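Participant: Each chain, written out:
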Amino acid sequence: MSNKPITLAEKLWRDHLVVKGENGAPDLIYIDLHLIHEVTSPQAFDGLRLAGRELRRKDLTIATEDHNTPTQDIHLPIADLTSRTQVQALRDNTAEFGVRIHSLGDKNQGIVHVVGPQLGLTMPGLTIVCGDSHTSTHGAFGSLGIGIGTSEVEHVMATQTLPLAPFKTMAINVEGTLRPGVSAKDIILAVIAKITASGGQGYVLEYRGSAIRSLSMEGRMTICNMSIEAGARAGMVAPDQITFDYLEGRPHAPTGAEWEAAVQYWKTLQTDEGAVFDAEIFIDADKLDPFVTWGTNPGQGVSLMDSVPDPSSISDSSERAAAERALEYMDLRPGTKMKDIPVNTVFLGSCTNARIEDLRAAAAVVKGRKKADGVRMMVVPGSAMVRLQAEAEGLDKVFKDFGAEWRFAGCSMCLGMNPDQLGVGERAASTSNRNFEGRQGKGARTHLVSPVVAAATAVRGTLSAPSDLEA
Amino acid sequence: MEKISVFEGVAAPLKRSSVDTDQIIPAVYLKRITKTGFEDGLFAHWRAQEPDFVLNQTIFQNAEILVTGPDFGTGSSREHAVWALRDFGFKAVFSPKFADIFRGNSGKQGLIAGVISESDMEAMWAAIDANPGIQAKIDLPAQLVTIGELSVSFEIDEYTKWRLTEGLDDIGITLQNEAAIAAFEAKREAWRPKTLPAKGV
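So the protein lines, in turn, are chains H and W.
Using the numbering used here, the first residue of the first sequence is number 1, and each one after it goes up by one.
Using the numbering used here, the first residue of the second sequence is number 1, and each one after it goes up by one.
A hint or two may mislead.
To be verified - Listed below are the simulated SDA-like cross-link pairs for lysine to any residue, each with C-alpha atoms no more than 25 Å apart in a straight line: (1) Lys20/H to Ala182/W; (2) Lys168/H to Lys194/H; (3) Lys58/H to Thr34/W; (4) Lys194/W to Lys194/H; (5) Lys11/H to Lys194/W.
Simulated from the structure, these hints should not be mistaken for lab results.
A quick note: this is a predicted structure, and the numbers were derived from the prediction, not measured.
Chain W extracted, bound-state conformation:
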């Protein structure tokens, strides 16, 4: 995974709360078996039905930073929601509250899910509205996002931050514990189920 430190990109406001993953990418777009190419499904219903939807506006076509209302990414566990955001070009999403599974999925894919206060969310929306197309600067090590004169700090858990800044792969980290996993397995009770050999077939 690529190391993430400081970067800049156009910030787009998504002024909605409770954006569930069915809105981020409807189920009909989940049938691909590749890990890329999901950008066409991103907010597909809203992009199709609402001409004024934020990502339909030319100035936000290349947005890389999304500032959204609370309860972003609720519902289905589909990691495709993160892939769709990433494939569209987003590198960071800021919200006062993320659903747990979405936040976890983001961390695995190098998408920053930064938690901000509601007042900072309003201030970021205002800063973007005052100057649409403005670039935001993200400083992951310092946990700071800067839009023009506005500087806002965001929360991200220490472990995810460390992994993202170091560009580390989760599986690789876990496999360093091979001996502990094997020891755990060795004392696993006999009654615990096994799928093989198959019974009841």
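Okay, chain H solo, but in the shape it has when bound:
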């Protein structure tokens, strides 16, 4: 074995290599944890049944219901027949194959990427997959979280491995101190605006630097979550004391001697001094403003203090065409100040920004204030547990007094598979991860924002920072 310095991502690859691919074949990588949900699993279970195959490691598999579950009246049968059928299929399949499931109404139900960390199943040094592109979230712990398609879900069910081609590595160095009102979401939106929505393609991103080190686990999860929005296969943060403190005592965290052994190994999960990344970028945290998107892909973002850009200033022809098309869809004109854009809806939720810290930050902004007339605000906790904790802290009352709707946990309006959708032409400030055409509803327009910008926007009715509010 050579002692060549290697990156964190390469260490995880090395430690999960089952068979090295030869003659152009991919490497066979062992999978530590497989998270499943109702949308991308039914055809995989069917595939197993048709081939007469077993689910190899039900003890490394866990299911929850999140994508198309309703966020109100959850005690009633799901009204939409196709959604109900899909959720029922997950319940039937997990029962047949002996997989643990947390169903609607269970205190551990919630968005799959919120549930894993909160149970302590997500920990450093793991390979984690899920039939969902935001599996990159789990990289915040120094694990390799990879979003996969349904064929790969079936592959993991049958073999607990995946054939994967090695990735390239990119360092995202974020140095400095964030100003008040600027958060993890603004860092990642700025990163994607800098490298574009496809700039991370083929790469695993490692977020590094003093601004990342000072973030909580929630903030790191927000950043890693959106790695896929830069086209990357995964995003990671090396584990440190903040990681260990978050994990210790959680239901599935190791204990006693196993904890000691784990921490000893986890401390080695750093990029070696002198290791070379295939690409490297730098972001100055000191100068970062709150960020907001103006277009229809997550790379089309600017500082909230700026204006809608003019496509004619873009040199690349296909990017220029995409910008023109985006402005038409978004019904925006170049030069309009971002802060002059009015919204109908504010959505605080999703696997990007619906953890307890996000809810606390938004609640602190709206506390004692009244929602702008004509604006609807929906607060959807990331998991049933987050909802319970928020209620214990009285956050639900803060949001309700403000005039927001307080909902049950799920993916909700992030992708509108359940009844939580925007109407044609409606415009939202959303703490979610995708501003694609029609993502939150047919003809709907999305501006991606941080939780505190979402909250300030709900107060003023136009895209706003907390600093825009009167004391």
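Model the placement of chain W on the given structure of chain H, informed by the hints.
Facilitator: Below, chain W alone, put in the same frame as chain H:
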């Protein structure tokens, strides 16, 4: 899986870049629990809202080959995007750049995701525009696509090409490594998490 070698089909131009999987198939169409029948969701919003959209034109109704702009298949990992293309009748998609997950999903389902240069993309669009409804010929072993007089080479990774031309199932290939997987599992550290028995319930 069926072996893929040489075939012909009508080529359709999709002159857009950054076509994410929410455009290829909106989320509301993902609720089916079968693996077929997703053709109604393919580009559903564009087909509904734009009468001139390429797949609304009679001449492209039976298209089997799609030539699209860069950054095709970005965003959500939904394999339904591949199923929708396949169920509509597409057997190959050509683009200067594919999102990683989409390209992987295509390979699993026998949909060729061939990478071409931007200039070849323009040339293919021009060849189709000059003769709408023209058949394109795909030669997977030679990595060539021919439209009339135009012949363009495309990239596909060697392993996927081998699997598609041999019609091999990925899971079957992996299970040949059963002994290596079992050996790996045997030395797996005790601290690594297990979902069962369930804790915290």
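Participant: Now, for every hint given, state plainly whether the structure supports it.
Facilitator: Here's how the hints hold up against the structure:
| no. | hint | in the structure |
| --- | --- | --- |
| 1 | Lys20/H to Ala182/W | holds (15 Å) |
| 2 | Lys168/H to Lys194/H | holds (18 Å) |
| 3 | Lys58/H to Thr34/W | holds (23 Å) |
| 4 | Lys194/W to Lys194/H | violated (39 Å) |
| 5 | Lys11/H to Lys194/W | holds (22 Å) |
In this structure, the one hint that does not hold is number 4.
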